[in-house]
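Undergrad: So the sequence lines, in the order shown, correspond to chains Y and Z. Counting along the first sequence from 1, when you hit position 287 you're at 287 in the working numbering, and nothing is skipped either side. Counting along the second sequence from 1, when you hit position 78 you're at 78 in the working numbering, and nothing is skipped either side.
Honestly, the hints are just simulated from the structure, not real lab data. All C-beta atoms, glycine included, are put in the ideal place defined by N, C-alpha and C. Be aware that a few hints might be false.
[Stated by the list, open to error] Label-pair restraints from in silico Cβ distances: (1) Y:H441 - Z:E37: 27 to 37 Å; (2) Y:G319 - Z:N224: 45 to 55 Å; (3) Z:N224 - Y:Y727: 44 to 54 Å; (4) Z:K40 - Y:H441: 23 to 33 Å; (5) Y:E564 - Z:K40: 29 to 39 Å; (6) Z:K112 - Y:E295: 53 to 63 Å; (7) Y:M728 - Z:D167: 52 to 62 Å; (8) Y:K730 - Z:N128: 47 to 57 Å.
[Unchecked claim] Far from chain Z, by Cβ distances over 12 Å, these chain Y residues were calculated: (9) R119; (10) P158; (11) K243; (12) E295; (13) E322; (14) K388; (15) H421; (16) D426; (17) R439; (18) H441; (19) K520; (20) N567; (21) N686; (22) S729.
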Amino acid sequence: MIVNEKIAIDHGLKKEEYQKICELLKRTPNITELGIFSAMWNEHCSYKSSRLHLKKLPTKGKQVIQGPGENAGVVDIGDNDAIVFKIESHNHPSFIEPYQGAATGVGGIMRDVFTMGARPIANLNSIHFGSTQHKKTKNLLRGVVHGIGGYGNCMGVPTIAGQTSFDSSYNGNILVNAMTLGLVKKDKIFYSKAAGLNKPVIYVGSKTGRDGIHGASMASASFDEKIEEKKPTVQVGDPFTEKLLLEACLELMEGDSIIAIQDMGAAGLTSSSIEMASKGNLGIEINLNRVPCRESKMTPYEIMLSESQERMLIVLENGKEEIAKKIFDKWNLDFAVIGKTTKSKKIELYFDDKRVADIPVNTLVENSPMYDRKWKKAKLPKKNKIKKEDINNLKIIDILKKILANPNICSKEWIWSQYDHTVMGDTIQKPGGDSGVVRVHGTNKAVAASVDSSAVYCWAHPLSGGKQVVCESFRNLISVGAKPIAITNCLNFGSPENEENMGEFVECVQGIGEASSYLKFPVVSGNVSFYNQTKDQGIKPTPSIGGVGLIKDYTKMVTMDFKEINNIVIVIGKTEGHIDQSLFARVILNEKNGPPPEINLFNEKNNGETLLKLIDDNLIKSAHDVSLGGIITAVSKMCIKGNKGINLKKPKYLINEIEYFFAEDQGRYIIEINKKDQKKVLDILNKNAVHYDELGTINENMLFLSQKSKVTIDELKSSNTNWLIEYMSK
Amino acid sequence: MKSAVITFPGSNCDRDMDVALKKFGFNNKMVWHQDVELPKSDLVVLPGGFSYGDYLRCGSMASKSKIMQSVINFANSGGMVMGICNGFQILVESGLVPGVLLRNKYLEFICKNVYVKISNKDNSYFKNISNNILELHIAHNEGNYFCTKDQLKEIEDNAQIAINYCDREGKIEEPFNPNGSIKNIAGIFNKEKNVLGMMPHPERMIDPSLSGDDGSIFFKNLINNLK
């Protein structure tokens, strides 16, 4: 086939991009070469619209061993231990084929982590679906949950936390973001940078099939009515093979055979070989006849673009082939020497004794397009005036029950009880709390992780929203007693070619950068997913933030369930009564306008650090951050988890009760303390200038405001737990 | 006391079981599925996981692996063999305990704490155990125990039911049956009671920081019985 502009455009390349390829090569590419360019230059692999802005994120810190640019980020947790972690999207495939899309998302992110030599110790996920009324939502949710469980459970890695939301902006584009944490010895981290000439290039894992060809290109385009036809571009996962691959790779990594290792993820053999060569400033020569194939008569084009799962590319030390082969044979995995490193700085492919591709590596990587897309700055919306008559007749308990049963608040146990969250025997905080927590096996340390997003806030004002998500992640870690270390981000947006969507991206990234820089909570890894869009309609901007923190002594970990009757409950942080963009405004007042709550980074840091000190002094019995649904929703969840009630006091200042209890002001936590510790706790809060209000005392089983306004915890519990179960069983 | 844990391709609770056995005093060895002989052991454990990816049928391919002939011989000569979760499925497939394990009734993987009542203490696993009810943890997709009427009669006549799902008080009723198992069966013996297969994972409940600590009661009692 002779390549021309039309074929290039069919590959998702722009006219100018095709011209640039011809210029760089000083000739017309052949079809295999064109396929390679299209795979490397698409949005998913090249970050061409986002690179410029991502550079501004803070990525360094005392504990950062590896920031963005590798398979995953790495942070130091002391004693020669390090945590490798990353979050990644698998949105497009999950909408087309929810089970396989979600499953291979989980498989892909775990591979990114164990490629670096780390054994995965925890999985998390952030999943977002359309309106609960939409006809596809239920099946998509079921398929995605089965897919995540199907893969993670088989791998024997606990899924310890997650987030699920529903919003009509995801009707045509669901989001599936998967995150993995792995544990590695600091001196045994593996990287993808090739080094040395004439080193053998090894292919291991599954055979290559025709699945997933053009997967990365598909993930770099908007959806239209013909999206169902894209099903063949979705990869098919085999978690059993991945489990074998994990064990085999870790076994090989115990020795000193590996120079560089890279998993074959998006754009398969193409991107893995090119990345290794590019980082090492080398060339790679591959004989495609040696690639283990699942199907006969696969062409070079298909072999290079296949996204078959569970495969790795390794550059070995000379003479280590036999040792390595023995290990992969033991685990029944394919092993083939397919090429070698060269000094040519080119990627050279041979097939049937003919050279079928010959491309300088720098044309694919350094010379890949980078765009400074046009973007529109968002204005801060005007504050709404809530009319007294709108809320005067509302009954707090009725609202509370409605909010607890809201799909975005209700218990997600139906989801996480399908994920194995206890395998590996170190899960000390399971899903449903502020963060999941796993012990560092055999030590007193534990690692906490949480994944958060606030699409509604980001949509209302991207800059504030971006800051808020980072702060929420910070709070979720602190609530369990973990010192926040670093974050990974998954940036889910609409089309970068649309100025408003691009503006949302730019300003969310700016907000994330400001907050993470102030909180010393750097970004060490991440991924961008654009084109979450059907025709002209993009999703609400949804950056997901995965936060990781350390608990030095896991016996000091805090949970959110109320512990003891007569203990005192306090809210830390000031309640101003910010109702705009709150769940209360949307669900009860049906009001969708207004600014999101303001972020005060000084208070966030000060309140959080002060709470950490209280936890470290063993003064906190339970803690929970205040987020969606405000104080009373947070308190109710603590009641439900602990099977206890609370006598709530009337707010002393400002605003009416409803605003006080349902406002979503930021930087707040609910804490439970023992009466005997009250003076100590208040002294510390005062000394650090942390605002607090006393909320009430814990009782046996009733949320009590007044004789007219009270409800049993059992009733709240059934509002909170039943909704999802009933929805899924209908 | 010596124990051996078999690792099949796809086993993923083998390490957890190793940790638990060692914690309670066993001298444990890991055994690869392609080995032919078992090390000298007082207890052999088939751990949980997804041996061979659960392809074909859960446990079916593992039951044909090389080491299994030795395990079967060991069991037939009276040796203690315990299968947890996928290990239970392997025991069923190899014919060491009767019945089959079907897909969970609601067709979903279940990971949660359950209560089980010990139904037979006249054996080396549960003899002298202080509790009648244990809070354990399940995590499986195919734990729905099923057998024919004739088999069930034989099982009951021989007192082969080891543990049943129940509530906190020990009531064995349908609402406390997580997966649809006949008679709420969570674990079962062979006729001689030296082979035990059960769905719950005692190895995940060996520390108060975890989902619970009742697994410790089980293991402490087990090693004392073997001494």
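Undergrad: Say whether it holds or is violated: K243 (chain Y) keeps its Cβ farther than 12 Å from all Cβ of chain Z.
TA: violated (6 Å)
Undergrad: Taking 12 Å as the cut and beta carbons as the points, is K520 (chain Y) off the interface with chain Z?
TA: At roughly 29 Å from the nearest Cβ of chain Z, K520 (chain Y) sits farther out than 12 Å, so the non-interface label holds.
Undergrad: Classify the label on N567 (chain Y) as holds or violated, using whether its beta-carbon is more than 12 Å from each beta-carbon of chain Z.
TA: Holds: least Cβ distance 21 Å, greater than 12 Å.
Undergrad: Should the label of H441 (chain Y) as a non-interface residue stand, given a Cβ cut-off of 12 Å to chain Z?
TA: violated (8 Å)
Undergrad: Is the distance from the Cβ of G319 (chain Y) to the Cβ of N224 (chain Z) consistent with 45 to 55 Å?
TA: holds (52 Å)
Undergrad: For K730 (chain Y) and N128 (chain Z), compare the CB-CB distance with the range 47 to 57 Å and indicate the outcome.
TA: Distance hint for K730 (chain Y), N128 (chain Z) holds at roughly 49 Å.
Undergrad: Closest CB-CB distance from P158 (chain Y) to chain Z, is it above 12 Å?
TA: With a cut-off of 12 Å, P158 (chain Y) comes too close to chain Z, as the shortest Cβ separation is near 9 Å.
Undergrad: Could you let me know if the closest chain Z CB is still more than 12 Å away from the CB of K388 (chain Y)?
TA: The claim stands: K388 (chain Y) keeps its Cβ more than 12 Å from every Cβ of chain Z (closest is about 46 Å).
Undergrad: Determine whether the non-interface label on D426 (chain Y) survives the test: each CB of chain Z must be over 12 Å from its CB.
TA: Its Cβ does come within 12 Å of chain Z, the nearest being 8 Å, so this is violated.
Undergrad: Given the hint of 53 to 63 Å, is the C-beta distance from K112 (chain Z) to E295 (chain Y) inside that range or not?
TA: Between K112 (chain Z) and E295 (chain Y), where Cβ atoms are some 42 Å apart, the hint is violated.
Undergrad: Falls inside 29 to 39 Å, the C-beta gap from E564 (chain Y) to K40 (chain Z)?
TA: violated (51 Å)
Undergrad: Does the no-contact call for R439 (chain Y) survive, Cβ to all of chain Z over 12 Å?
TA: violated (7 Å)
When held up to the earlier numbered hints, the structure conflicts with 5, 6, 7, 9, 10, 11, 15, 16, 17, 18 and 22 and fits the remainder.
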